[in-house]
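Engineer: Take a look at the letters that make up each chain.
Protein chains: 2
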Amino acid sequence: MSLDEIFALAYRVLSGAGLSRAHAEAVAHTIMVSERDACASHGLHRLPGCVMTIRSGKLSLDAEPKVEDVTPSLVRVDAGYGYSRLAFDRGTPSLVEKARRCGIAAMAINDCFHFSALWPEVEALTDLGLAALAMTPSHAWVAPAGGTRGLLGTNPIAFGWPRSGRHPYVFDFATSAMARSELARRKSEGTPIVEGIGLGPDGTPTTDASAALDGAMLTFGGHKGSALSTMIELMAGPLIGDRTSLASMEFDEDLKLAPCHGELVMAFDPAVMAGGRVDQGTAWAEALFSGFAEQGARLPSERRYAARARTIAEGVSVPRPLHERLLALES
Amino acid sequence: MSLDEIFALAYRVLSGAGLSRAHAEAVAHTIMVSERDACASHGLHRLPGCVMTIRSGKLSLDAEPKVEDVTPSLVRVDAGYGYSRLAFDRGTPSLVEKARRCGIAAMAINDCFHFSALWPEVEALTDLGLAALAMTPSHAWVAPAGGTRGLLGTNPIAFGWPRSGRHPYVFDFATSAMARSELARRKSEGTPIVEGIGLGPDGTPTTDASAALDGAMLTFGGHKGSALSTMIELMAGPLIGDRTSLASMEFDEDLKLAPCHGELVMAFDPAVMAGGRVDQGTAWAEALFSGFAEQGARLPSERRYAARARTIAEGVSVPRPLHERLLALES
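Residue numbers (full-length UniProt numbering), protein chains in the order written: chain A, 1 to 331; chain B, 1 to 331.
Read the hints as simulated data drawn from the structure, not as lab findings. Because the structure is a prediction, the values reported are computed rather than measured. All C-beta atoms, glycine included, are put in the ideal place defined by N, C-alpha and C. Watch out, some of these pointers could steer you wrong.
Stated by the list, open to error - Label pairs and their calculated CB-CB ranges: (1) A:317 - B:68: 51 to 61 Å; (2) A:69 - B:303: 12 to 22 Å; (3) A:286 - B:55: 32 to 42 Å.
As the list claims (entries may be wrong) - In the SDA-like style, the derived pairs of lysine to any residue whose C-alpha atoms are separated by at most 20 Å in a straight line are: (4) A:66 - B:48; (5) B:187 - B:166; (6) B:58 - B:20; (7) A:66 - B:277; (8) A:187 - A:214; (9) B:66 - A:277; (10) A:58 - A:276; (11) A:66 - B:276; (12) B:58 - B:250; (13) B:187 - B:48; (14) B:66 - B:78; (15) A:256 - A:214; (16) A:256 - A:211; (17) B:66 - B:22; (18) B:58 - B:80; (19) B:66 - A:276; (20) B:58 - B:18; (21) B:66 - A:275.
To be verified - Not close to chain B: a few residues of chain A, all C-beta gaps over 10 Å, as computed: (22) 3; (23) 11; (24) 61; (25) 81; (26) 92; (27) 128; (28) 191; (29) 194; (30) 253; (31) 330.
Between the sequences and the hints, there should be enough to build the whole structure, so can you do that?
Structural biologist: Printed below as a string of C-alpha cells:
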C-alpha cells in the first residue's frame with residue numbers, strides 16, 4: 001500500500017468509528033508516519049485498539065483543544081479528553097514562538113488520551129530548527145527497582161536535535177525494558193523473555209511473557225531506569241497538574257483503553273541558548289555525530305530514516321489478515 | 001571528624017593551594033555535604049585531584065561569575081574558567097525568580113571546571129519549592145552503544161521534586177554503567193568487573209578494570225542509556241554553546257584535570273505549571289511515593305538522607321591515610 005492509501009484507510013476506520021474529522025486526520029497521520037518509518041508499534045495494527053477507545057464513551061470524539069498562553073515560556077493545551085495529537089498540533093505554534101523568544105519553553109497538554117508516538121512530535125520541532133524533549137506517563141504496568149508490582153508507566157521519552165541539511169538526531173524509547181506490545185507478541189507466540197524484563201503476579205522474576213503481562217514489567221537499566229521513569233511520572237504528571245500512570249489506570253476503570261493523562265513537551269532554541277557561540281556549538285555537535293560514524297556506531301534514528309526513504313518510494317507491505325480486519329472495522 | 005571540621009580541612013587545602021576565598025568555600029561546601037551524605041565520590045578523597053587542577057594554570061583561581069539576564073526564562077552565567085559551584089550559586093537567585101514567574105526556566109553555565117555533585121544543586125532548588133533537572137558532560141571516556149572507544153562522557157543527570165514537610169525526591173546518577181572512581185578503585189584492588197561495564201583498548205568487552213580504564217567505559221542500559229547520554233552531551237553542551245565531552249577532553253590536553261565544559265540547570269515551579277490543579281497534582285505525586293513504600297521499593301535518595309541524619313549527629317569516619325595525605329597537602 002502507498003503511504004497515501006495507509007492514511008486513507010486509517011482515516012476511514014477512525015472517522016467511521018465516530019471520531020471528528022480533525023482528530024481522525026491527526027491520528028491517521030501518526031499511523032501513516034509510523035508505517036512509513038517501520039515503527040509498527042504505532043502503525044495500522046493499533047487501529048482496533050483505537051476503535052475500542054473511541055467507542056468507550058470516555059474519549060471525547062470532537063474536543064477542540066483549548067490553547068492558553070500562560071507565561072512567556074509556558075503554553076497550556078486543554079485537550080478536553082480528546083486524543084493528544086490534535087492538542088499538540090494546536091499548541092505548537094505558540095510553543096515555537098515562545099522557544100524562539102525565550103530560548104526554552106514548555107507546552108503542557110492536559111487531559112488527553114494518548115495515542116501518538118513522540119518522535120513525530122519531536123521531529124515537528126526539529127524541522128523548525130529547535131531542540132525538543134517530550135515525555136508522558138502511561139498505565140501503571142511497570143514495577144520500580146526493588147519493587148514487586150506495577151506502579152510506573154512504560155513512560156516514553158523522546159529527544160530531538162536539529163541538524164542543518166541532514167535528518168535530525170532523534171530518539172524515542174520506552175523506559176520499560178521491553179515495549180508492552182512486544183511482550184504481548186511474545187505471549188501470543190509463546191516465546192519466552194529473558195530475565196530482567198518482567199515479574200510474575202507473585203512479584204518474582206519470570207521468563208514467561210504471559211506471567212509478566214499479568215504481573216509487572218521492569219524498567220530498562222535497573223535503578224537508574226527506574227529513577228528516570230519516576231522523573232517522567234512527576235514531570236509529565238503532577239508538575240503539569242495531571243495524572244500519574246497510577247491515576248491514569250484508576251481513571252481507566254479496567255476498560256483497558258488508551259491511557260488518559262498529560263504530556264510535557266519542551267522546546268529549546270540553540271540560537272538563543274547558545275548566545276554568541278551557536279556556530280561553535282553546532283561544530284561541536286557535528287564532531288560528536290562524526291565520532292559515532294567513525295567507530296561504526298549508529299545514531300538511534302538511522303533505521304527509521306532508511307525505512308522512510310524506502311517506503312516513500314515503494315510503499316508498505318501490510319499483512320493480509322490485518323488488512324482484512326481493518327476493512328471489516330470500516331463497515 | 002565533625003562536618004564543620006571536614007569543611008574547615010577542605011577549605012584550608014583548597015585555599016592553601018591558591019583558590020580564592022569564595023571558590024574555596026563553594027568547593028569545600030560540596031565536599032562537606034558529600035561526606036555528610038556518604039557520597040565518597042565527591043568527598044575528601046577528591047581533594048588531591050582538586051589541588052592538581054588548581055595548580056595546572058588552566059583553572060581561574062578567582063574568576064567572579066558573570067550573571068546575564070538573557071530572556072524571561074533564561075539566565076546565563078559565564079564561569080570564566082573557574083569552578084562551577086560558585087557560578088551555580090551566583091546564578092540561582094535569577095533562575096528561581098524566572099521559574100516562579102514563568103513556570104519553566106533554565107540556567108546555562110559556561111566555561112566551568114566541573115567539580116560538583118549535581119544533587120546538592122538540585123536540592124538547593126527543591127528547598128525553595130521548585131522541581132529541578134541538571135546535567136553536564138564530562139570527558140570522552142564512554143563508548144556509545146555499538147561503538148568501540150570513548151566518545152561520550154560519564155554525563156550525570158540529576159532530578160529533584162519538592163515534597164512539603166519531607167525530604168525531596170532526588171536522584172543523581174552517571175549515565176556510565178559504573179562510576180569512573182569505582183572503576184579506578186577496582187583497578188587498584190585488582191578486582192574484576194562484570195561484562196557490560198567496559199571495553200578494552202581493542203574495543204572488545206573486558207572484565208579487567210584496568211583495561212576498561214585504558215579502553216572505554218559503557219553506558220548503563222544499552223542503547224537507551226547511550227541515547228540519554230548523547231542527549232546530555234547536546235543539551236548541556238552545544239545547546240548552550242559549550243563543549244561536548246570530546247571537546248572537553250581536547251581542551252584538557254591530556255593533563256587529566258577536572259573536565260571543563262558547561263552545565264544546564266532547569267527549574268520548574270509546580271504552582272505555575274500545574275495551574276489550578278497543583279493540590280491535585282501533589283496528591284497524585286504523594287500517592288506515587290506511597291506506592292514505592294507499600295511494595296518495599298526505596299526512593300533513590302533514602303540512603304543519603306539516612307546517612308545525613310547519622311553524620312550530623314555523629315560526624316564522619318575519615319581513613320587515617322587519607323587524613324594524613326590531606327594534612328600534607330595543607331602545608
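Engineer: Give a verdict on every hint.
Structural biologist: Evaluated hints:
Checked against the hint of 51 to 61 Å, the pair residue 317 (chain A) and residue 68 (chain B) passes, with Cβ atoms roughly 55 Å apart. At about 43 Å, the CB distance of residue 69 (chain A) to residue 303 (chain B) disagrees with the hint of 12 to 22 Å. Separated by about 35 Å at the C-beta atoms, residue 286 (chain A) and residue 55 (chain B) satisfy the suggested range of 32 to 42 Å. Simply put, residue 66 (chain A) and residue 48 (chain B) have alpha-carbon atoms about 57 Å apart, too far for the 20 Å limit, and the pair is violated.
With a CA separation close to 39 Å, the supplied pair residue 187 (chain B) and residue 166 (chain B) exceeds the 20 Å bound. Distance check on the hinted pair: residue 58 (chain B) and residue 20 (chain B) sit about 15 Å apart at the alpha-carbon level, within 20 Å; holds. Distance restraint check for residue 66 (chain A) and residue 277 (chain B): the Cα-Cα separation of roughly 16 Å lies within the 20 Å cut-off, and the hinted pair is therefore satisfied. For the suggested pair residue 187 (chain A) and residue 214 (chain A), the alpha carbons sit about 11 Å apart, so the restraint of at most 20 Å is met.
Taken as a hint, the residue 66 (chain B) and residue 277 (chain A) pair is honoured in the structure, with Cα atoms around 16 Å apart against an allowance of 20 Å. With a C-alpha separation of about 50 Å, the suggested pair residue 58 (chain A) and residue 276 (chain A) falls outside the 20 Å cut-off, and the hint is violated. The hinted pair formed by residue 66 (chain A) and residue 276 (chain B) meets the criterion: a straight-line CA distance of about 15 Å does not exceed 20 Å. Our distance criterion of 20 Å between C-alpha atoms is met by residue 58 (chain B) and residue 250 (chain B), whose separation comes to about 13 Å.
Of the supplied pair hints, the one linking residue 187 (chain B) and residue 48 (chain B) holds, its CA atoms being roughly 19 Å apart against a limit of 20 Å. Using a Cα cut-off of 20 Å, the hinted pair residue 66 (chain B) and residue 78 (chain B) holds, with the two alpha carbons roughly 5 Å apart. Straight-line distance between C-alpha atoms of residue 256 (chain A) and residue 214 (chain A) comes to about 13 Å, which keeps the hinted pair within the 20 Å bound. Our distance criterion of 20 Å between C-alpha atoms is met by residue 256 (chain A) and residue 211 (chain A), whose separation comes to about 18 Å.
Restraint check for residue 66 (chain B) and residue 22 (chain B): satisfied, since their Cα atoms lie roughly 14 Å apart, inside the 20 Å limit. Note on residue 58 (chain B) and residue 80 (chain B): the hinted pairing holds, with a Cα-Cα distance of about 11 Å set against a maximum of 20 Å. Note on residue 66 (chain B) and residue 276 (chain A): the hinted pairing holds, with a Cα-Cα distance of about 15 Å set against a maximum of 20 Å. Under the criterion of a C-alpha separation no larger than 20 Å, the hint pairing residue 58 (chain B) with residue 18 (chain B) is consistent with the structure, at around 13 Å.
Between residue 66 (chain B) and residue 275 (chain A) the CA atoms are separated by roughly 14 Å; this keeps the pair inside 20 Å, and the hint holds. In this structure residue 3 (chain A) is separated from chain B by more than 10 Å, as the shortest Cβ-Cβ distance comes to about 27 Å. For residue 11 (chain A), the condition that its CB be more than 10 Å from all CB atoms of chain B holds, with the nearest at approximately 32 Å. Chain B leaves residue 61 (chain A) outside its interface by the beta-carbon criterion, the shortest separation being 24 Å against a cut-off of 10 Å.
Under the 10 Å C-beta cut-off, the non-interface status given to residue 81 (chain A) relative to chain B holds; the minimum distance is some 15 Å. Chain B leaves residue 92 (chain A) outside its interface by the beta-carbon criterion, the shortest separation being 16 Å against a cut-off of 10 Å. In this structure residue 128 (chain A) is separated from chain B by more than 10 Å, as the shortest Cβ-Cβ distance comes to about 15 Å. Annotated as non-interface, residue 191 (chain A) keeps its C-beta farther than 10 Å from every C-beta of chain B; the closest such distance is 20 Å.
The claim that residue 194 (chain A) lies off the interface holds: its Cβ sits roughly 12 Å from the closest Cβ of chain B, which is beyond the 10 Å cut-off. At the 10 Å boundary, the C-beta of residue 253 (chain A) stays outside the reach of chain B, the nearest C-beta of that chain being 17 Å off. Every beta carbon of chain B lies more than 10 Å from that of residue 330 (chain A), the smallest distance being close to 37 Å; the non-interface claim holds.
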